[in-house]
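Quick mapping for you: the protein sequence lines, in order, are chains A, B and C. For the first sequence, position 147 (counting from the first letter as 1) is numbered 152 according to the numbering used here, and the numbering increases by one without interruption. For the second sequence, position 13 (counting from the first letter as 1) is numbered 18 according to the numbering used here, and the numbering increases by one without interruption. For the third sequence, position 118 (counting from the first letter as 1) is numbered 123 according to the numbering used here, and the numbering increases by one without interruption.
Remember, identical chains collapse to one label, so a pair may be satisfied in a single copy or spanning two.
Cut-off 27 Å, straight-line C-alpha distance, at most; resulting in silico cross-link-like pairs (DSSO-like, lysine-lysine):
{"id": "1", "residue 1": "Lys75", "residue 2": "Lys100"}
{"id": "2", "residue 1": "Lys125", "residue 2": "Lys92"}
{"id": "3", "residue 1": "Lys120", "residue 2": "Lys148"}
{"id": "4", "residue 1": "Lys100", "residue 2": "Lys62"}
{"id": "5", "residue 1": "Lys135", "residue 2": "Lys100"}
{"id": "6", "residue 1": "Lys67", "residue 2": "Lys100"}
{"id": "7", "residue 1": "Lys100", "residue 2": "Lys125"}
{"id": "8", "residue 1": "Lys135", "residue 2": "Lys67"}
{"id": "9", "residue 1": "Lys148", "residue 2": "Lys92"}
These aren't lab readings, by the way, just hints derived from the structure by calculation.
Listed here are the chains, written in short residue letters.
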Amino acid sequence: MGQRINLLVFSGDYDKLYAALLIANGARDMDMDVSMFFAFWGLLVMRDPERMDSEGKSAYEKMFGAVTPKGPEDLSLSRMNMMGIGKSMMLDMMKEDNAPSLKDLLDGARKNKVKFYGCKLSAEVMGFKKEELLPELEIVDVKAYIQDAVNSDMQLFI
Amino acid sequence: MGQRINLLVFSGDYDKLYAALLIANGARDMDMDVSMFFAFWGLLVMRDPERMDSEGKSAYEKMFGAVTPKGPEDLSLSRMNMMGIGKSMMLDMMKEDNAPSLKDLLDGARKNKVKFYGCKLSAEVMGFKKEELLPELEIVDVKAYIQDAVNSDMQLFI
Amino acid sequence: MGQRINLLVFSGDYDKLYAALLIANGARDMDMDVSMFFAFWGLLVMRDPERMDSEGKSAYEKMFGAVTPKGPEDLSLSRMNMMGIGKSMMLDMMKEDNAPSLKDLLDGARKNKVKFYGCKLSAEVMGFKKEELLPELEIVDVKAYIQDAVNSDMQLFI
Numbered sequence: 006m007g008q009r010i011n012l013l014v015f016s017g018d019y020d021k022l023y024a025a026l027l028i029a030n031g032a033r034d035m036d037m038d039v040s041m042f043f044a045f046w047g048l049l050v051m052r053d054p055e056r057m058d059s060e061g062k063s064a065y066e067k068m069f070g071a072v073t074p075k076g077p078e079d080l081s082l083s084r085m086n087m088m089g090i091g092k093s094m095m096l097d098m099m100k101e102d103n104a105p106s107l108k109d110l111l112d113g114a115r116k117n118k119v120k121f122y123g124c125k126l127s128a129e130v131m132g133f134k135k136e137e138l139l140p141e142l143e144i145v146d147v148k149a150y151i152q153d154a155v156n157s158d159m160q161l162f163i
Numbered sequence: 006m007g008q009r010i011n012l013l014v015f016s017g018d019y020d021k022l023y024a025a026l027l028i029a030n031g032a033r034d035m036d037m038d039v040s041m042f043f044a045f046w047g048l049l050v051m052r053d054p055e056r057m058d059s060e061g062k063s064a065y066e067k068m069f070g071a072v073t074p075k076g077p078e079d080l081s082l083s084r085m086n087m088m089g090i091g092k093s094m095m096l097d098m099m100k101e102d103n104a105p106s107l108k109d110l111l112d113g114a115r116k117n118k119v120k121f122y123g124c125k126l127s128a129e130v131m132g133f134k135k136e137e138l139l140p141e142l143e144i145v146d147v148k149a150y151i152q153d154a155v156n157s158d159m160q161l162f163i
Numbered sequence: 006m007g008q009r010i011n012l013l014v015f016s017g018d019y020d021k022l023y024a025a026l027l028i029a030n031g032a033r034d035m036d037m038d039v040s041m042f043f044a045f046w047g048l049l050v051m052r053d054p055e056r057m058d059s060e061g062k063s064a065y066e067k068m069f070g071a072v073t074p075k076g077p078e079d080l081s082l083s084r085m086n087m088m089g090i091g092k093s094m095m096l097d098m099m100k101e102d103n104a105p106s107l108k109d110l111l112d113g114a115r116k117n118k119v120k121f122y123g124c125k126l127s128a129e130v131m132g133f134k135k136e137e138l139l140p141e142l143e144i145v146d147v148k149a150y151i152q153d154a155v156n157s158d159m160q161l162f163i
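Pulled out of the complex, with its shape left as it was, chain A reads as follows:
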């Protein structure tokens, strides 16, 4: 049986998601099984920018959905973001070195059969419906995460 990697993605920062997806894609290339469990701010990267739907949401959930990032390229850096100036400089530096964008990495992970799980409680509290998130994402509870993680060869909280 192959080796298994489990990543809990709590953060909604561009650079941390970038690190998480680099590891996920690298491990899939090495033929390992990879699970990513998106919780709290990490769920923001799983939003499909083309599938927003605020019907039936509470006032708070509508507001929250409107002011938070929608999908990968909308996220900020964890530091030096400086209202977006630092981020666009970082993106330019990445282009100079032909580094993939966060969206490229996410598309790669979807193609490479990384398993995507979303935290049930986080989705409920933030008011995200299943249809607003990427179709590959399976909503599970924290115990399903623990079961998967504890039986993996490596776990990270990102």
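Using the hints, position chains B and C against chain A.
Just chains B and C now, kept in the frame of chain A:
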């Protein structure tokens, strides 16, 4: 022998502590052993708001004790805190979904026999006395943490 | 065979680096093998303040090199930094308790044969040349990190 989970709680953010305690309580429900090692800002959640005592502290330690959060409900969000507006909105959203508060989760973990350890060096530097922290907390050094963590089935740095 | 610890150091915060190096030195004292993989902001602590060289860098890389921290003592706290006031207060509190500085811990780790790896992609994007980083640092790609981490007894993302 059962499975063991070790969480190093470095952060003092409401949302990260929430994630840590959700995992700790979930794993206890699944009959795993759970250790939490509170270090640096993580120690702030272990403060007992009713047992402050600044006698014998240095000037810095007194000031530090006064300006830092006292116990679980005093912590801020890691992002979107916006001077507390974002946090109170998040708390309202949690109430809408009947999600437990951080204090509920902490009380649960205390009842569920999660093992609480506190970092000796952090407590000394921050000037927190044993009597100011929750009585379940055992103060240990970093080597005790490493020994426990490396022999667990899963470790996270939160 | 001894136990092995793998730390992915993503953060460039003084306090998180401090925690990482405390664990690394503690584990070496306990005769474990320790690998640290410095990626993204974590690479900043690996800069040698005496060996800056901007020749051949792009305009962005020069600017980035100039505005980012140079070596351990230049890093900020992850919270309560308050333009440096909180950090200098924290450093004074550490002195009161005779706690080592971050530079002390880094020097200890170098002497104690902690293995230092740097992320190839991060170094390229940030424009850091091998000669600007500590000589002990070996530049490797993400797959080398994964290989090392998944075969360790404990992994943390810091």
